Amino acid sequence: MTDDLGAKLALLTDDRPEPADPAAPIRARIRTRQLHRRTAAAVCAAAVAIAVVVAGSVIGSIKSAEPGVATPGQRTQGLNFTYTRLPEPWSDEPAFTTQPDALKYGPAFYVTDGSIPNEHWAVASYYSDGCLVITDEGPAKSFGGAQGCFDQNWQPDQRSQYKTVPAVIPNLSSPMPLTMVMGAVSAEARKVRITAGGKTYDTDAIGTPNSSRFRFFAVVVTATESQITAVTPLDAAGKVAPSPR
Amino acid sequence: MTAEDDFDEFVRARWTATARLAYALTLDHQKAEDLAQDAFTKLWFHWRKVRDGNPEAYLRKIIASTFLSGRRRRWLGERPTETPPETVVDPATVQVDERLAIHQAMARLSPRQRAAVYLRYAEDLSERTVADLLGCSVGAVKQHTRRGLEALRADLTFAGPDQLADLTERGI
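As given, the protein sequences belong to chains W and C, one line each in that order.
Reminder that position 138 of the first sequence reads as 138 in our numbering, one-by-one numbering, no gaps.
Reminder that position 113 of the second sequence reads as 113 in our numbering, one-by-one numbering, no gaps.
Derived by calculation from the structure, the hints in this document are not laboratory data.
Some hints could be false.
Unchecked claim - Selected chain W positions facing chain C (in silico; Cβ < 7 Å):
hint: 1; residue: 5
hint: 2; residue: 9
hint: 3; residue: 25
hint: 4; residue: 29
hint: 5; residue: 82
Claimed, not checked - Some chain W residues flagged as far from chain C (calculated, every beta-carbon gap over 10 Å):
hint: 6; residue: 10
hint: 7; residue: 13
hint: 8; residue: 14
hint: 9; residue: 30
hint: 10; residue: 44
hint: 11; residue: 48
hint: 12; residue: 54
hint: 13; residue: 57
hint: 14; residue: 89
hint: 15; residue: 90
hint: 16; residue: 188
hint: 17; residue: 197
hint: 18; residue: 199
hint: 19; residue: 227
Just so it is clear, the structure is predicted and the values come from calculations on it, not from any experiment.
Where is the CB? At the ideal position from N, CA and C, for every residue including glycine.
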């Protein structure tokens, strides 16, 4: 026996087989582990994606089960729906509506949206060919889910047809005269200029799949209905757009 | 030199010492090789971070923690007994195989005692360093070392007069 404990322990580990190149098997292990890591990461990503899809479908099914809410499938079911895309501004984003008997609005497409105190609103076009409905509102329903159709009774020189809906905002300390102006103009229009209460409001004239004859607009002005003095469609050159053909 | 070349050079330079440490802990050639390769593999994934520091210390830490956590995860079938189940080496025999004797003696220690004794007396590391490697306090290292050496002393094949003198000189 050797005299020293350290020497004894060294003796313990002396007789071992030595690989020719110890780095080679380690390099192989590293590659295997990297492959496992990548596989695990891919599996995790796939699991997350599946979870998101499942959660989305569950939420979607819950949402579609709510009364008065249409789903895209419901809206387009049984409709042979073809349309011609108009130049920008254009929206073909399918819209949902919480209005009663929601199915009758399908297919619907968002025109625009905005906010007023305590509420967010959105307006969608529906039907072929020329109706608008206020689809999404907060719990106060300040615009009352108003709707209007603009596809009939156009006069020869009439350049716009619109509807005004005053907002009813509860629990507001000082009353605000807010009015929704929504309507239709010709397909040649690109913007709509509204004069109300001494101010001028410009908003886009939006084409949707619901009509190739009309473009739609909606904007909330800070004015009463009686203060709205002009609704003028403007074409791409900024000139007054013609009447719908 | 790329990081891979650099790492491979480090593996070749440190393989022998690492395999010795792994064998001292596992007391099995195959397990030792597996532990050493596993430790180097784990080191690679931190190589860019530690290559300019003290990769040897980090490697030792991986070896110790992998060995001890592996022991915690599963029972490996080793059961310390007061008397060896079979006597491979007869101390009275003149031709004593010292390697087998120390192997048997170390096998009777607990994993932490074995690690503490080897790191202190074969690798000549300080108690503080061993405590860091084993993830315990200096006091615990002292205790593991003392108990480990007591167990070694109790082994007739190990505790000859020379060894006792050696331990006494070390103040153990």
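Results of checking the hints against the structure:
1. 5: Given a least distance of 5 Å, the restraint on residue 5 of chain W holds.
2. 9: Check passed: Cβ of residue 9 of chain W comes within 4 Å of chain C, closer than 7 Å.
3. 25: Status holds, d = 6 Å.
4. 29: 4 Å, holds
5. 82: Interface hint status for residue 82 of chain W: violated (58 Å vs cutoff 7 Å).
6. 10: Incorrect as stated: the minimum Cβ-Cβ distance to chain C is 6 Å, not above 10 Å.
7. 13: Non-interface label fails for residue 13 of chain W: nearest chain C Cβ at 4 Å, not farther than 10 Å.
8. 14: 7 Å, violated
9. 30: Nearest chain C Cβ is 5 Å from residue 30 of chain W, so the label is violated.
10. 44: 18 Å, holds
11. 48: 23 Å, holds
12. 54: Since the minimum Cβ distance to chain C is about 33 Å, residue 54 of chain W lies beyond 10 Å and the statement holds.
13. 57: At roughly 38 Å from the nearest Cβ of chain C, residue 57 of chain W sits farther out than 10 Å, so the non-interface label holds.
14. 89: Holds: least Cβ distance 52 Å, greater than 10 Å.
15. 90: 51 Å, holds
16. 188: Holds, because the least Cβ-Cβ distance between residue 188 of chain W and chain C comes to about 64 Å, which exceeds 10 Å.
17. 197: 66 Å, holds
18. 199: 63 Å, holds
19. 227: 69 Å, holds
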